[in-house]
Amino acid sequence: MSASTSPVLPRAPRRRLLGDDPGRLGLLFVVPALALVIVFRIVPLIWGFGTSLTDYDGMSAARFVGIANYAALTRDPVFLDSIVNMLILLATLPVWIGLPMLLAILIHQGVPGGKLFRAVYFFPAVLSSVIVGAIFNMLLRYDGSFNAMLKALGFSAVDWLGNSSTALFSLIAVQLWATFGMSLLIFLAGLSTVPSDMLEAAKLDGAGLFGTWWHIVIPSIRPIIEFAAVVTTIGMLTSMFGLIYVLTAGGPGTSTTLPEFLIWLEQGRMNRPGYASAISMVLFALMAGLAFIQIRIMSRNASL
Amino acid sequence: MAAVEIRQKRALTLIALPMVLLALSCVYPVFFTINAALKTRKGFVLDRFGLASDPTLANFAQAWNQSRLSEYFTNSVVVTIGAVLTLLVVSSLAGYALAVLRFRGAKIVFTIILVSLMIPVQVVLVPFYRTMIALDLVNSRAGLVIAYTAFFLPFSVYLMTAFYARLPRELFEAAQIDGAGLVQVWWHIMLPMGKPALITLGILNTLYCWNDVLISLLVLQDERTLMVGIAALRGEYTTNVPLLAAGIVLAAAPIVIIYVIFQRQIVSGIAVGAVKG
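Chains A and B supply the protein sequences, listed in that same order.
In terms of our numbering, the first sequence is residues 1 to 304.
In terms of our numbering, the second sequence is residues 1001 to 1277.
Rather than coming from a laboratory, the hints here were simulated on the basis of the structure.
Mixed in with the good hints, there may be bad ones.
[Said to hold, decoys possible] Derived EDC-like pairs (lysine to aspartate or glutamate); straight-line CA-CA distance at most 20 Å:
| no. | chain 1 | residue 1 | chain 2 | residue 2 |
| --- | --- | --- | --- | --- |
| 1 | B | Lys1009 | A | Glu200 |
| 2 | B | Lys1009 | A | Asp197 |
| 3 | A | Lys151 | B | Asp1047 |
| 4 | B | Lys1009 | A | Asp205 |
| 5 | B | Lys1042 | A | Asp143 |
| 6 | B | Lys1042 | B | Glu1236 |
| 7 | B | Lys1195 | B | Glu1170 |
Note that this is a predicted model, so its numbers are computed, not measured.
So here's chain B without its partners, still in its complex pose:
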């Protein structure tokens, strides 16, 4: 029995080697990009892989100011915050109604919302765009907020409904007996009690909205969000790798920071869809 255990230990250690190589491959492209962003154009051409010998922040300044990334950054921040807050309010209201109030037809509504999961934006690209034009929502940040809410909503409603369904009903009934109206119950009980799920959804939806490119390309045409800006920068500066790299670092930084801080919530949020939890 001990021999088996030792044998397993040894096998696991041996197998860790390719795992380390894979881990390096996950990190190296990002390291390469940061390193390239710190080099001058000439410095990069002379030595692509070496550490930046004379690190400069000039590329960041140029990307931020001349390439208008500061403007795109503002657009992304405004739209992401707007969409995430809207998603949280709409999905917690819906989850409350579906799981706790259980009105007639709740099951049908829940099914309709889940079914819309199988309608990704590509499937409705043409009519969705024409709907946006008809409602005068194209080229407006509010329009993009609404579009994000519509497309990222079903998972949020699903999660809030599942979360609220597991809360003890006594909580809700006690509040009702105390004479609180249903709106107050939502505000004073459902929102605070739903905090763990709302935090998870807040983080995941922030990733989705910040990282989106397709919906943004379609809806915001005069202005740009950061990801559309980076895609354009890629086309314009194919030969100036350090400038492009600086833009990439600026655009990815907020998400990487969020990942480092909220790793636990992100991980559990992804697991929740997979396992009954």
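Same shape as in the complex, but just chain A:
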């Protein structure tokens, strides 16, 4: 393979040490990526599914128990609480989509200072969930600064994070604060593809601002709305850990425990990996449908 052709013939393809066979070398180049993904994600997924069907306790040999772990989940009040919390979170999706979409349309239509708004709104999204959680912990604690401000204004203090009726609401609001700028960028990118002559035509027809939005802008960014909804929902299911960990630690009680946090708690206990894996599989089932849609959008865009 390494023998080169005569140097007398210029421009003749020379053979190199690793060869020129795109088939073989292509496979070689993709091995690191493929190996990492298989070893750390795909094999663990299959392994986790296997574990979820056993009574493995981390010490003694695992015994196959079928769907016993899943059956136990349906009777576990902590798990059921985490599902209810998740459903409450998912029910707020319209706000997570509507707010950034509205802001993006306004910025796109030329609100004064649009560029500055975009930069400022996106700013919280670069901060880590730990930073955001620590900041809002200082602000929202019972003896925190938000209550100090409320009291100064004549309102009574609320234990935002320590009261089970407000803790989940606070968690959701903080996460929304921290991520709406991300969706805003997605919508702005989508709006930049709306043909401006359509907007001009609507103006000539005397369509009002809201009429233009409703009949032209929103229908033409429908794919973007779908994409943002999928990405936001995936984020709700899998990107809340850091914030929960720092802001509420899942409490009080189970009021801010979401499935992903429950998996962490179970993993930390180490005494029933089979049960923890079953919770993981439930989360995976929820994720899979969503991610399937996302992957279809992404592979369509990559046009491979």
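Guided by the hints, dock chain B onto chain A, whose structure is given.
Relative to the frame of chain A, chain B by itself:
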């Protein structure tokens, strides 16, 4: 027609008011934190909201030295740089192979890598941890580098593949005719040509690695990265707000600086996933 335009202008100006309030809410908590970090403990208790009258850097020094943030900072820097470089090399090699070399089975490999997007770390937490133990990668910074690469890789491979697929094939073919081997083509052509995508990925992955807490908690247990350190600081110093605030400012500063410098690349990197671009 002019009337409509004026009416729209007026409506937009009116609506800018709540937008300003929202913008203030985005900035104020950060301002509050910086301001608190500059106060003494007593000064903060006496006046939470006023400007720090006698600003001090003592909190920063204490957080940096006594609370071991300097140590955690080093860990985060080492791991983030290691992981980002690994991600760039691995994903550009894979993108080159998938988009340009188009070996048999490229489509299947691309699909497998994309499918792994639907396996976040929470879904495989237990077996992933046991894999890390089996490979002796727990409690090592190299282990964390590998874990970050595995979990942040699919988007990077996707972006590099999409980017290289749009480059003119003649570039690659001309180099081949000139007798360059496939490795040289990667080094001399694909890497330089891929620079815009690599820069975007470099910045985004820096944010992800620096900001991560879950994988880091799991993999590094004796040592800590900065975010785990801040979470612990939050637990230990609940009453010393200025010290905690100083830690927060130190931990967020690198990312905020990166955001200010690379705003354009970050914005376009996020847009690229959403719109065919």
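A quick look at each hint next to the structure:
1. Lys1009(B) - Glu200(A): Given pair Lys1009(B), Glu200(A) holds - Cα atoms ~14 Å apart, limit 20 Å.
2. Lys1009(B) - Asp197(A): With a Cα-Cα distance of about 18 Å, the restraint between Lys1009(B) and Asp197(A) holds, given a limit of 20 Å.
3. Lys151(A) - Asp1047(B): holds, 14 Å
4. Lys1009(B) - Asp205(A): Distance ~17 Å between Lys1009(B) and Asp205(A) Cα, so the pair holds.
5. Lys1042(B) - Asp143(A): holds, 15 Å
6. Lys1042(B) - Glu1236(B): The hint holds at about 18 Å.
7. Lys1195(B) - Glu1170(B): holds, 18 Å
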